[in-house]
Every structure is written in C-alpha cells, then in structure tokens.
Amino acid sequence: MKIALIGQDIPTLLPTLLTDLLFVGKQSAEVALEEKNAAMQDVLQRYGEAVIRDAQSRHPGLTASISVTGSRREVLDGADCVIYAGDCMAASRFKMDREALSGVEEDDPGLTEQARVNGGIGGLLHTLRQGEMVLDLCEAMQETCPDAVVVNLGQPVARTTIMFENAGFRCYGLGRTPLRGANGLDSLVKKLSCKLDDVKATIAGLPGFSFLLELTDANTGDDLLPLLTDIAEEEELGRLTKRWYDWYNAIAIGDVTDHAEWLPAQDDYIPEAEPEFGEGVERRKERILWMNAVGAKAAQEKEGQMAQLLLLSKAPPIRPMQLALALLRGDDCDIPAVTRVNNGELRQLAKSAIIEAELTQRGGKIIPHGTMLPLPLMEICGEIDETNHLAAKAATGDWSALRECVEVDPALAGLDRLYVQDVVEKMIGLHSDVLSRFDEEDA
Numbered sequence: 134m135k136i137a138l139i140g141q142d143i144p145t146l147l148p149t150l151l152t153d154l155l156f157v158g159k160q161s162a163e164v165a166l167e168e169k170n171a172a173m174q175d176v177l178q179r180y181g182e183a184v185i186r187d188a189q190s191r192h193p194g195l196t197a198s199i200s201v202t203g204s205r206r207e208v209l210d211g212a213d214c215v216i217y218a219g220d221c222m223a224a225s226r227f228k229m230d231r232e233a234l235s236g237v238e239e240d241d242p243g244l245t246e247q248a249r250v251n252g253g254i255g256g257l258l259h260t261l262r263q264g265e266m267v268l269d270l271c272e273a274m275q276e277t278c279p280d281a282v283v284v285n286l287g288q289p290v291a292r293t294t295i296m297f298e299n300a301g302f303r304c305y306g307l308g309r310t311p312l313r314g315a316n317g318l319d320s321l322v323k324k325l326s327c328k329l330d331d332v333k334a335t336i337a338g339l340p341g342f343s344f345l346l347e348l349t350d351a352n353t354g355d356d357l358l359p360l361l362t363d364i365a366e367e368e369e370l371g372r373l374t375k376r377w378y379d380w381y382n383a384i385a386i387g388d389v390t391d392h393a394e395w396l397p398a399q400d401d402y403i404p405e406a407e408p409e410f411g412e413g414v415e416r417r418k419e420r421i422l423w424m425n426a427v428g429a430k431a432a433q434e435k436e437g438q439m440a441q442l443l444l445l446s447k448a449p450p451i452r453p454m455q456l457a458l459a460l461l462r463g464d465d466c467d468i469p470a471v472t473r474v475n476n477g478e479l480r481q482l483a484k485s486a487i488i489e490a491e492l493t494q495r496g497g498k499i500i501p502h503g504t505m506l507p508l509p510l511m512e513i514c515g516e517i518d519e520t521n522h523l524a525a526k527a528a529t530g531d532w533s534a535l536r537e538c539v540e541v542d543p544a545l546a547g548l549d550r551l552y553v554q555d556v557v558e559k560m561i562g563l564h565s566d567v568l569s570r571f572d573e574e575d576a
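The opening position of the sequence shown corresponds to residue 134 in our numbering, with each subsequent residue numbered one higher.
Derived from the structure by calculation, the hints contain no laboratory data. It should be emphasised that the depicted structure is a prediction, and the values quoted were computed from it without experimental measurement. Treat each hint with caution, since some may be false.
Claimed, not checked - Only pairs whose alpha carbons sit at most 25 Å apart, straight line, appear in this in silico SDA-like list of lysine to any residue:
# : residue 1 : residue 2
1 : LYS447    : VAL157
2 : LYS484    : GLY496
3 : LYS228    : VAL389
4 : LYS228    : TYR402
5 : LYS418    : ASN170
6 : LYS559    : THR310
7 : LYS430    : GLN178
8 : LYS328    : THR310
9 : LYS169    : GLN275
Said to hold, decoys possible - Label pairs and their computed distance ranges (CB to CB):
#  : residue 1 : residue 2 : range
10 : VAL567    : SER200    : 35 to 41 Å
11 : VAL567    : ALA172    : 21 to 27 Å
12 : LYS418    : ASP331    : 38 to 44 Å
13 : PRO450    : SER200    : 23 to 29 Å
14 : MET505    : LYS323    : 26 to 32 Å
Don't be surprised by glycine CBs; every beta carbon is placed ideally from N, CA and C.
Sequences are here, hints too, so could you generate the full structure?
What follows is the structure in structure tokens.
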C-alpha cells in the first residue's frame, strides 16, 4: 500500500497520520510526502524514520518506509491513496480579498462582510485559487495514480471534493469536525449534563453546514433532542444557533460562524478579519523543535517520547488516515462528518450532491442511512450545493459557470448581482498571477 501526502498542512498532520497508520492501523505501507524545502525535507524524513523504527520495535513484521521529496511525480507514482491538505497562500490571499472588498470611504463599509473563507464572494475567489492547485494535482494523478482514492482536506471542502470527483477520482473529504469545539456535539451534550460517549447523534447536512437531527441517550434510548431545542429556543446556545433553528427547524452543529458563511449578510454578525489558516509561526517553530527531538533522540527514548506526545497533543482533531485505511481495506466503520457524493445518504437531495454525514461501511460497501432533513433545511442545502458545483466548475476557467454561480449563491441575497459580477471579475484580475485558467478575452 502506498500513501501519498500532498499540501503545506501535511507536516502538522504527520504525527497523527503515522500514528494511525502504524500504531492504530498496524498497516505496512510506503509513505511518500511532497516537500519543496530542502531543510524541511530532512526534518520530516528523520522524524518519519524514527516513528517507523518505534512502530517496528513494537510490532515485529511491520514493514514501512517514508520518503520526503520535492518531486511530485515520485510522490504520486503508484499511490493507492492521496491525502491532500493544501491551499494557495491562504492567509495573504484572504487579506488581499478583504482589502479589495472594503469600502473606499470612512463611512462606506463596502462588501467587507463578503470577505469569507468558504462562501460568498471571498469563498468563490478562494475556490478559484484552490482550483489552480487541485486541478494541477488531478492532472498529475491521472498520469501517475489514476485509480487512487483521495482523502481531501482542502478548503472549501465541498468544492475541492467536486473538483476531484469531476476529474474521475473517488474522493472523500474532512472539514472541521462538528463533534468538538465551539458548538460542537461535546459542548451541546454538556448542556444536558451528559458525556459524549453516552449519546447517539445523527448529524448531517453539507460541509460546514451540518445540523443535529437526532439525539438519544445511548443507554436508555430516551430522546434528548427536545431538551436541547428548548435550550436553543432560550438562546442559551447563542443568538445565531437560535436564528438557524427558527429558520431550518434544526440545531446547527459545529462552529456556527461556518454556517453564516453560506448565508446572506447578518446585521449582527461580521466574519473574522483574520481567520486562522494552518499553524502560526510560533506553533510551527515548536513543531519543528519537537520533530527534531524525535528524529535525534528516537521515539523510544524519554526525550523523544515527550516530544512525540506534545506533537500528538497539538494535532488537529480530524483523522484522515483512519478514513483512508477504512476505505482502502474495506473495514467495517462508522466515521462521523465525512464529505462525499450523496448517493442516497440524504434522500431529499440530488444523488450528485456533496454532503457531510456519518459514513457507515459494512463488508467493504458504504451503507446509506437515508436520512431525512426538515423541509426548510433541505431547500437551503439544495441551493448551497448548486452554488458549490458551479463554483467548482468555474475554477476550470469557465466564465459562464462563474456568472451563474453569482446569480444563484444564497450568500449574495440582497446584493446587486450585476455589481457583484463586476467585483468578482476585478478580483480575478487582482489574483491573475495565480489564476492561470481565466482568459480575459473570454470574459
């Protein structure tokens, strides 16, 4: 089995990727990682080799290797799975978008609220930039590993997943988990004085737009959702959660500011001016220090063990390797919040919709749950999914799809669509150094 790792966020994920592959999954494999920086190649190579030695000492017979190189062809050649976690200069390009959308006068806010990561105008420009990277990767994969399964972490996850699917690859995505963190399931069940392990939840929707549809006591079978909806009605889960519940008859789960990105501007909500993209400079310095400690002292020695524990404690909660192994080996599994082609999982949405829901696999086959959405939620999910497909198509350089995307995007409701179209075209020019697929003569 060969696993190819692509994208600038892979080093942050590498500790859990290797842990889930070697220690949890006990899977022999060849791991290939793309890294252009020569100094970082050495850090990651020595770190990976140290972790592999530790795994082999604990699991005799396990065969594994890691190669870190700047050659994409070498990384991809013959890969069974590609895990993608990349972006196009995300922080600096977002800043350019925000400045372009800001008003020119002191009392003119412009379209600053459209400076978003996933939805609206900002999300559309983000999608176009990601398209340059994802589509280039797809072309390389078609030559080197045409049958590879893709596990996609690239934002906007719904739209990048569509790009991989349109290129002929079976793709599954993971976004920010709705299980933990701000308004995550763990936070919601605390309101009921319950523990996460003591409840059974049905969570479904679209990537970044998921809702809690059922909640029961895992031991007694009692329905806990009415208790939680009462709390939501009292605004104890926040003003936005109450608003979404009134609109869609379902409780938004995960960071509700993600939900707001897909919807029209809210008078009392302004998107973050400086959202987080990957790890910060100080966090990166710490990670490199700890990886060097593991590589130099070996994972078996005390200093190396402490460094490895620190690396694992700071890792993001998503577990792409667990998903990759389940898909490649056909393991029976129930994995929450997996982005994928609908295929009947949410019965009211088109089979081609890109949804987020629990993935249940039995005997190597994915079993749809046939989940039903409240009617108002079904309608807005359909609108957002249509927008996602058009945005992904626009990323190929399709001006017609771009214009239609602007016309139908629910996040742009209340705005002059012709004016927005003009703004988007000007912003494409602003990013022309990285948007090679758009020919101004075809505009």
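Hints versus structure:
1. Simply put, LYS447 and VAL157 have alpha-carbon atoms about 18 Å apart, close enough for the 25 Å limit, and the pair holds.
2. Restraint check for LYS484 and GLY496: the C-alpha separation of about 22 Å stays at or below 25 Å, so the hint holds.
3. The straight-line distance between the Cα atoms of LYS228 and VAL389 is roughly 22 Å, inside the 25 Å bound, and the hint therefore holds.
4. Our distance criterion of 25 Å between C-alpha atoms is met by LYS228 and TYR402, whose separation comes to about 19 Å.
5. For the proposed pair LYS418 and ASN170, the alpha carbon gap of about 15 Å is at most 25 Å, so the pair holds.
6. About 34 Å separates the Cα atoms of LYS559 and THR310, which puts this hinted pair outside 25 Å; it is violated.
7. Restraint check for LYS430 and GLN178: the C-alpha separation of about 14 Å stays at or below 25 Å, so the hint holds.
8. Restraint check for LYS328 and THR310: the C-alpha separation of about 17 Å stays at or below 25 Å, so the hint holds.
9. Restraint check for LYS169 and GLN275: satisfied, since their Cα atoms lie roughly 21 Å apart, inside the 25 Å limit.
10. A beta carbon spacing of about 28 Å between VAL567 and SER200 contradicts the range 35 to 41 Å that was offered as a hint.
11. The supplied range of 21 to 27 Å is met by VAL567 and ALA172, whose beta-carbon atoms lie about 25 Å from each other.
12. Checked against the hint of 38 to 44 Å, the C-beta distance between LYS418 and ASP331 comes to roughly 40 Å, which is consistent with it.
13. Remark: the range hint 23 to 29 Å for PRO450 to SER200 is upheld by a beta-carbon distance near 28 Å.
14. At about 27 Å, the beta-carbon gap between MET505 and LYS323 stays in the expected band of 26 to 32 Å.
Hints 6, 10 from the earlier list are contradicted by this structure; the remaining hints agree with it.
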